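Going down the list, the protein sequences come from chains A and B.
Residue numbers are given in this note's numbering: position 7 of the first sequence equals residue 1169, and the series is strictly consecutive.
Residue numbers are given in this note's numbering: position 354 of the second sequence equals residue 978, and the series is strictly consecutive.
What the hints contain is simulated information worked out from the structure, not anything from laboratory work.
Predicted model only: the values in this text are computed from it and were never measured.
Backbone N, C-alpha and C fix where the C-beta goes; we use that ideal spot for every residue, glycine too.
Some hints here could point you the wrong way.
[Stated by the list, open to error] Some chain B residues close to chain A (C-beta under 10 Å, calculated; not the full set):
1. K998
2. L1012
3. F1023
4. L1055
5. F1127
6. S1245
7. I1248
8. L1249
9. F1252
[What the hints assert, rightly or not] Derived lysine-lysine pairs resembling DSS-like cross-links, with alpha carbons at most 25 Å apart:
10. K1238(B) <-> K1434(A)
11. K1210(B) <-> K1434(A)
12. K1211(B) <-> K1238(B)
13. K781(B) <-> K999(B)
14. K1229(B) <-> K1211(B)
15. K1211(B) <-> K1437(A)
16. K1437(A) <-> K986(B)
[What the hints assert, rightly or not] What follows is a list of derived Cβ distance ranges for each label pair:
17. L1403(A) <-> I1206(B): 49 to 55 Å
18. I1206(B) <-> K1434(A): 34 to 40 Å
19. S645(B) <-> V1211(A): 52 to 58 Å
20. K1247(B) <-> S1325(A): 41 to 47 Å
Spelled out, the chains give:
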Amino acid sequence: MLSFILILLAAVIFPGCIALTKAKFSGRKGASILQPLFDIQRLLRKGSVYSTTSSLIIQIAPTFYLCGIVVAATFVPFGEYKGIFSFSGDFVVFAYLFALGKFMMIIGAMDLGSSFEGMGANREAFYSMLVEPSFFILMGSLALLTDKSSFYEFYNHIHFGSSLSYVIAVLGIYLLVHIALVENSRLPVDDPTTHLELTMIHEVMVLDHSGFDLGLIGIANALKFAIYGALISNFILPDNLPFWANILFFFAVQIGFAISVGWIESFRARNKIEKNPQFIMTLVVISVLVFFTTLILTHKLVLN
Amino acid sequence: MDSIIFQVLMILSLLVFVVPSRFKYLVSFITHVLLAVSTTYLAIGVLTSSQGISFRLPFNVLEHPIMVEVDVLTAFFWLIINLTCFTSILYAYGYLKNYRKSHSDISYSLHYFFLIWLHLSMLMVTGFRDGLNFLIAWELMSVTSVFLVLFDGEKKKVVKIALQYITNLHVGWAFLLLGFIYTHYVTGHPFGFEALKSYLADHESIWIFLLFFVGFGMKAGFLPFYYAHPSAVAVAPAHVSGIMSGLMTKMGIYGILRFVSYLNDDYLLLGLLLVVLSFLTAIYGILKSAMMLDIKKLLSYSSIENIGIIGVGIGASLVGKSFNISILSSLALAGALFHIINHSLFKSLLLYCAGDVYMHMKTRYIESMGGLIKKMPYTAGFFLFGALAICGMPPLNGFGSEFLIYLGVFKGLQTGGLTSDAIMLVTFVALVMTGGLSIFSFSRVFSIVFLGTPRTKEAERMADFDKSIYLPKWLIVIFMLFIGFLPWAAVQSIINTVVMSIFTDRVLLIEQLPQLQNISLVSVLFVLLLITMFAIRYIQQNSVMREYKPTWGCGYEGANPALHQYTGTSFAENLCEVANPIIEIKKDYITFEETEIFPQPRTFKTHVEDIVEKRFVEIPSNKILKFFQSFAIFQTGNLQRYVLYGLATMAIIFVLTILKWI
């Protein structure tokens, strides 16, 4: 329960942190950190415009998306506290709930019969297909390392002993950050602020969504970032700290993650769209590297 | 008792020819129901008591008695066969009504007759252990399915595809025959599975496995052998496609499972072989499915992918057995068996929906469809349900089977050594990649067929269906929901028994049941959350203004929305670029010259070229055909020449006899 509440709180400030970071790096004053929250509040009160081409699908898709992400958030632990659900193989349910949300968003976008949304839906389907293996191979490596098979047990049994285990932690964090960037369609995979059709993925998928549904999508995006931030913070949460220190550390990691996303977005150019598959498959290769490192670490692969 | 029922069924199947056309459907329906109910009763008895039943059929074939032996594995398959055949005959009522004008009574009678015998032959294939009976039942299954495919045999293309299909089936049958003959020759035990069992007890299993794998793989649809199936499934009537793609492929899996249950050693090699081949099958199947433009062919290639998943589960389970990781072997096998049930359910549902679409559009080409959700909303809803299930989305049933395999693999990672970990990596990468690709493929087909604007005039008409076509689909959906929300009920009752019968050592399956109960909890929470969110949304929407405007077209007034939306080919294009070495999209067009001041009309065509089919099927078969065509010089059509050939042969035999060579 605790980790779920913490994720919700982190999700409130996360998009604001990113926007504020980007503003500061561009020399602007920037809006308040709660501005995205106010935007979502406004959207939830507004009326909606629906396309005449669309059917029931576009009206149900964002709800499925949000519910999938909320239920997925119940699996994430916080330090010594389990998530609301914690069982063997829960990370599989986690990943597939995310995938359910994506599937519904893809068909919701195609429902509009527009080439814009079709493009976004197509790219979303393609890139999320390419990035799935890296998440699972990372989880496989953790299962191998810790002899356990649920999120809670992974994080509580990682012992940082030899230098190789630090390599795994660093690479794991790198992978999670990049998976979060790909799944939320951020730079360098896609620039959410360009609004040029040729480069958009997620932004163009929601072009014809309005009002309540757009608000739900905004909530879902913020939650997704907060969930990945929670997964990253669990990696580096030190043991044996008092409770209040753990919470501070958690928020420090979330804000740090948001600032680094803002930093990447300010200074890194967007990839050429043709190069994106190569970029994403690099992540898969890195995760296979992590797997082999784990094999070495557990003395199954002996290099003499 | 059982033999009396069998005799009644034989008479009923012949009765179909005799009754007036009003009653033909009724007679065949009653036959199917009788068959299903009696065999299900036997099967449930066997599964609950874990004791096999055997009985003799009342006649002999070639002075050979026919024994039906129902053990746990057979009972498991009987349940699946009966359910799918039952939904198929339910669907046939509405589907076959469309052919009243073009097909005669005798055509209908033959169709119903072969449908009954297909059902019966599948039950017999899983029930017979004697080699001769098994092979005859297998042949019967193949032949009846070919005749069912030929229902639309007026078209030349259908005949050509059916001929290809029957060739494919017979080659597989020949391999099975070879395998049985060899095992009987070496061991001397009764011809059939008995001989196989005793052969595997003493001898190395890899070569005989390859022999049987080719035979059963040609039925199941593993990678090098799938070739004729997708086209055959595409041209068959929809209820037959549902049986062929959802059920007959499982007969091949049945054969492999029975082979595996007789194994005593060599688990690692066979497991590795099965994992690698199934991995390639699954990836290739779903890759092709993501690029197909024929809705039923697409679904058939997706079946190949699911067969790959089942094969991966069986292979992982064998690898677990070889390293004595019993949790891996039992969970992976349970996942594979569970997937057999799930796949027969959702694939038949998807094919029945494709049948509806074909009934309305009279074509299977998806690029002529679009916006059908407004014309046939229930079909679209069932198709979406099936698509979500086949991608393995929680809370539906497809997730449960994949979850079991994942769980087994991850538990196996913990206790395994280097070899098993490497194989586990391949296994779960296979599952993940096929999951991602199937989301791609099914979101594509659902969107192009049902969403957007209609691409042709035919797609703009309202669909007018007989209400009976929804009945089998509701039945399947109820089963899917039950299995999806209560996976532990299915696993505990049925699958546990089957796994224990195959791997007769101690099984840890019962200890894993709490995991599945957690999934039920998560599914229920998800649905409750959905209902709450929809309620909140409904209240909000009623309090605000809702407008309906055209889709944003970036300000272009003259745009035709049907032409500007995504097509099936364009959706698949970036996948093709990544899959380039295996599958390519070839573009046929002529560029404009610089000197061409007034451009002439041009056409632009794309077609998908497939390296595997080109190199492994088309080029070798063309070479073989060319070789045989060179013998055409002997076919002069001249009667005198042929008499000369006969005379020359007799002269040669005469000379050779004198020389005492023959």
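Results of checking the hints against the structure:
{"no.": "1", "hint": "K998", "verdict": "holds, 6 Å"}
{"no.": "2", "hint": "L1012", "verdict": "holds, 7 Å"}
{"no.": "3", "hint": "F1023", "verdict": "holds, 6 Å"}
{"no.": "4", "hint": "L1055", "verdict": "holds, 8 Å"}
{"no.": "5", "hint": "F1127", "verdict": "violated, 21 Å"}
{"no.": "6", "hint": "S1245", "verdict": "violated, 33 Å"}
{"no.": "7", "hint": "I1248", "verdict": "violated, 38 Å"}
{"no.": "8", "hint": "L1249", "verdict": "violated, 39 Å"}
{"no.": "9", "hint": "F1252", "verdict": "violated, 44 Å"}
{"no.": "10", "hint": "K1238(B) <-> K1434(A)", "verdict": "violated, 33 Å"}
{"no.": "11", "hint": "K1210(B) <-> K1434(A)", "verdict": "holds, 24 Å"}
{"no.": "12", "hint": "K1211(B) <-> K1238(B)", "verdict": "holds, 17 Å"}
{"no.": "13", "hint": "K781(B) <-> K999(B)", "verdict": "violated, 30 Å"}
{"no.": "14", "hint": "K1229(B) <-> K1211(B)", "verdict": "holds, 6 Å"}
{"no.": "15", "hint": "K1211(B) <-> K1437(A)", "verdict": "holds, 22 Å"}
{"no.": "16", "hint": "K1437(A) <-> K986(B)", "verdict": "violated, 41 Å"}
{"no.": "17", "hint": "L1403(A) <-> I1206(B): 49 to 55 Å", "verdict": "holds, 52 Å"}
{"no.": "18", "hint": "I1206(B) <-> K1434(A): 34 to 40 Å", "verdict": "violated, 24 Å"}
{"no.": "19", "hint": "S645(B) <-> V1211(A): 52 to 58 Å", "verdict": "holds, 54 Å"}
{"no.": "20", "hint": "K1247(B) <-> S1325(A): 41 to 47 Å", "verdict": "violated, 58 Å"}
This entry does not satisfy hints 5, 6, 7, 8, 9, 10, 13, 16, 18 and 20, going by the numbered hints stated previously.
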